[in-house]
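**Q** Given next are the chains, with one letter for each unit.
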Amino acid sequence: MSVAEAAGLAIPVRRRRLSIHFRPSRLVLNVVLVLVAIFWLVPTISLTVISFRPEGLFGISGWWTVLTAPSQLTIQNYETLLSTGFATGGILDSLVTTAAITVPATILVTVLSSLAAYSLVFGRWRGRTAVFLVIVALLVVPVQVALIPVAQLYDAFGNLTGLKLFGSLPGVIIFHVAFGLPFGVFLMRNFYTGIPKDLLEAGRIDGAGEWTLFRRVVMPLGLPAAASLAIFQFIWVWNDLLVGLVFLGGNPHHTLTIFLFSQTRTLAANYWVISTGAMISIIVPLAIFFSFQRYFVRGVLAGAVK
Amino acid sequence: MAAQARRRSLVLRRIVATPAPDPGAPNLEAAVLPETGRAPGGGWRRHLGSLAFLTPAGIWLLVIVGYPLIGTIRDSFYNNDSTKLVGLGNYKTLFSTADILVTFRNNVIWVIVFPFLVTFLGLLFAVLTERVRWATAFKTIIFMPIAFSATASALVWNSIMSIDPHVGMLNASIETVDDWFNAPGLYPVNASAGQTVASLAATGLRPGPGATLESTATVAPGQTLKLGMIGISPATLQLVGAEKAVVPPAASGAVSGVVWRDFSPSHPAVRGVVFPDEDGIAGLHLSLLSSNGSSVASTVTDAHGAFSFSSLSTGSYRVEVVANNFASGFTGIYWLSGTQSLTPTSGLSQTAQALLSVPLVDLSMITAYLWIWAGFAMVIIGAGLAALNREVLEAARIDGATEWQTFRRVTMPMLAPVLIVVLVTMIINVLKIFDIIVNMAPSVSQANTLAVAMYDFGYASSPSANGLASAIAVILFILVVPVIYINLRRIR
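Top to bottom, those sequences are chains R and F. Using this note's numbering, the first residue of the first sequence is number 115, and each one after it goes up by one. Using this note's numbering, the first residue of the second sequence is number 863, and each one after it goes up by one.
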């Protein structure tokens, strides 16, 4: 700041020009941005308000009437929706199912990507660049190309071993991990290339094995990147609909997105269930978004290609 | 703040300017290897050790991504239950079926419209917030929807764009504005439910010109009229404050009377009698027509449905219930219509229609998707802006370039790689767009995309059409091949 001021003092002409020609009216700019921000907030606010209004008022009066009649707000929708407890196919069951898919998928992607990236950056085998390029190529491969063969693979595996992957949570997790890995390896590798190789050399001379080097040197240094990856992956998997819909096919347990999707597809969509369910489904990713926004932004920046 | 910006720019440079894996590096390390190879453990085992780290991810990718990719390509040349080779048959079917051409068209609309709009919005927000104090708060607000699932977002926008002005905020806003110019009457006729003004006439009334009702009989000053209407709900009457119908006394020089709800719960079949349990129709706009049909006076019924036109010259008159009593006002736009097209398509062949129409719901879904992704574009472009070489910008300003010139001739070219990254990312994103379509578009609609069609063929239809679904997947893959090429070029 002081540098800028000094520069400004050094070139007074520039300062004057800025104030006369360049600065758009601050007031107009701020008003426009406030309006945009309100516009962007309205959908979230509307969802929140609808979920707290009595079911009977839906279609009778708009949610915005809450501005003049705040007494209409009630937690009745939440009570009704949660009253079924963890019954299969209910909202809490879906929440648990989603978490049971998302947490392992996130941990696996983060760990396996870190390991692979370590090998790609600090390993000494030939063809590392080629392998990395293959992984970069896989970054944008759409999940659609694997849906049908993987389902067949799961069936074949089930016939062979008796372990059911299609329609089970592990089946969904395995698929999510596979399509999370290219991005994970890409992100972790890019971060690890910034770690000085001397650090590892020192360890090697002292006789540390690769596992020790990874565990004691590279992994702690790579934690910020691992956090970005984990958060990115978590939100990605949590919000997925398609993979769950395909590989959970026939399973009575649903993910949250499937729960909502099936509600919209019923003949008489219960909007109170949909809005309350949607609120419950966004609580976790939203909490993570606000707690780890910086890491999340970094993950998004690094993952601009996904 | 500066450190943060630097860190961001570092990350960004990694994506945009490519972290070129130094081609000389492997040789250098190979040269070093013999030396460290002497360390305990030996180079051989190290080799294996670090390769082992790659193995789980490698096998995972081979089995769940690599092999299936080949399997899908193979399946796309087979029939739908993968028993007979059909060559390019599936592809021929895809490109000659009107329903599937519609999905191609929708993908084209998405790919052409969305990436450019979202990049433009992101650029706009990133530039505008550069000099605002509350930029962080603004960016958080715009960025937040990215944490929502596309499913939840679609549901939110479903309600915002609902056709019912009591649910949909968009239609409610339009209704508010529309009502200033085109106020609805107290007794709107629900035309979409097949109700007509004529059907409201019960006693002493008949349909008049336009959407009016008029008294069947002519009347002279000093006489009274009883005009009965049906088809008006007690709730509506309660809302306008109607009370028990009262027939006013006749007055000389005046035409008076009552308009009432000619339906008594106690005498449901009797018309033309004003029973004590019948309400007057309050607030109804009436006008008095002279014998040549022109309006000579107007009035409004009171709470009891009574009216009076006084100080009339002799003659014969009719009482008219004017049309605006029944005006329904704004009834809502069906923003989520999957069939209503934005482009005129009448008179075209079915195939041409399939290719050229733009369903309204596409526009609505693009709006919702912009809401989700504009923050993403803004953050990436914002990081790009922060990483720009300030000295070049300063130099341009000192040389007398205007703000716009600096932006257009200096900032934009320097920012181009970032804008391309956003564009390409968004193109890939919408190529395989699925969640927002299945949750927002009506289930039978002209809004399906390739990913939705693939899901329908592969999973939602019975028996599943694996050949066609695989062919669609292959097409999606072929469409991202150029992007793979670009990415590899960038990394190289």
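Calculated from the structure, these hints are not laboratory results. Misleading hints may appear alongside valid ones.
[Said to hold, decoys possible] A short list of chain R residues far from chain F (calculated; beta carbon distances all over 12 Å):
| no. | residue |
| --- | --- |
| 1 | 162 |
| 2 | 182 |
| 3 | 197 |
| 4 | 236 |
| 5 | 251 |
| 6 | 330 |
| 7 | 414 |
[Said to hold, decoys possible] Listed next, the stretches of chain F that the computed footprint assigns to chain R, with coverage defined by at least 3 CB atoms under 8 Å from CB atoms of chain R:
| no. | region |
| --- | --- |
| 8 | 921–930 |
| 9 | 1025–1039 |
| 10 | 1066–1080 |
| 11 | 1161–1172 |
| 12 | 1238–1247 |
| 13 | 1293–1302 |
| 14 | 1336–1349 |
Note that CB positions come from ideal geometry on N, CA and C, so glycine has one too.
**Q** It remains to establish, for every hint, whether it holds in the given structure.
**A** Hint by hint, here is what the structure shows:
Some Cβ of chain F comes within 12 Å of the Cβ of residue 162 of chain R; the nearest lies about 10 Å off, and the non-interface call is violated. Its beta-carbon lying about 14 Å from the closest one in chain F, residue 182 of chain R satisfies the requirement of being farther than 12 Å from that chain. Its beta-carbon lying about 22 Å from the closest one in chain F, residue 197 of chain R satisfies the requirement of being farther than 12 Å from that chain. A Cβ of chain F approaches the Cβ of residue 236 of chain R within 12 Å, the least distance being about 6 Å, so the stated non-interface status is violated.
With a cut of 12 Å on Cβ distances, residue 251 of chain R falls inside the contact zone with chain F, its closest approach being about 5 Å. Remark: the non-interface label on residue 330 of chain R is consistent with the geometry, its nearest Cβ contact in chain F lying 15 Å away (cut-off 12 Å). At roughly 6 Å, the least C-beta separation between residue 414 of chain R and chain F is not larger than 12 Å, which violates its mark as non-interface. Proximity of the region 921–930 of chain F to chain R, defined as three or more residues with a beta carbon under 8 Å from a beta carbon of that chain, is established by the 7 residues found.
Beta-carbon proximity to chain R at under 8 Å applies to 6 residues in the region 1025–1039 of chain F; the threshold of 3 is reached and the given coverage holds. Look at the region 1066–1080 of chain F against chain R: 0 of its residues bring a Cβ nearer than 8 Å to a Cβ of that chain, fewer than three, so the hint is violated. With a cut-off of 8 Å between beta carbons, the region 1161–1172 of chain F has 0 residues touching chain R; three or more are needed, and the interface restraint is violated. Figure legend: the region 1238–1247 of chain F, annotated as covered by chain R; annotation consistent (4 residues with Cβ-Cβ distances under 8 Å, at least 3 required).
Counting residues of the region 1293–1302 of chain F whose beta carbon lies closer than 8 Å to any beta carbon of chain R gives 6, which reaches the threshold of three, so the coverage claim holds. Using a Cβ-Cβ cut-off of 8 Å, 7 residues of the region 1336–1349 of chain F lie near chain R, which meets the minimum of three, so the contact claim holds.
Comparing the model with each numbered hint stated earlier shows that hints 1, 4, 5, 7, 10 and 11 do not hold.
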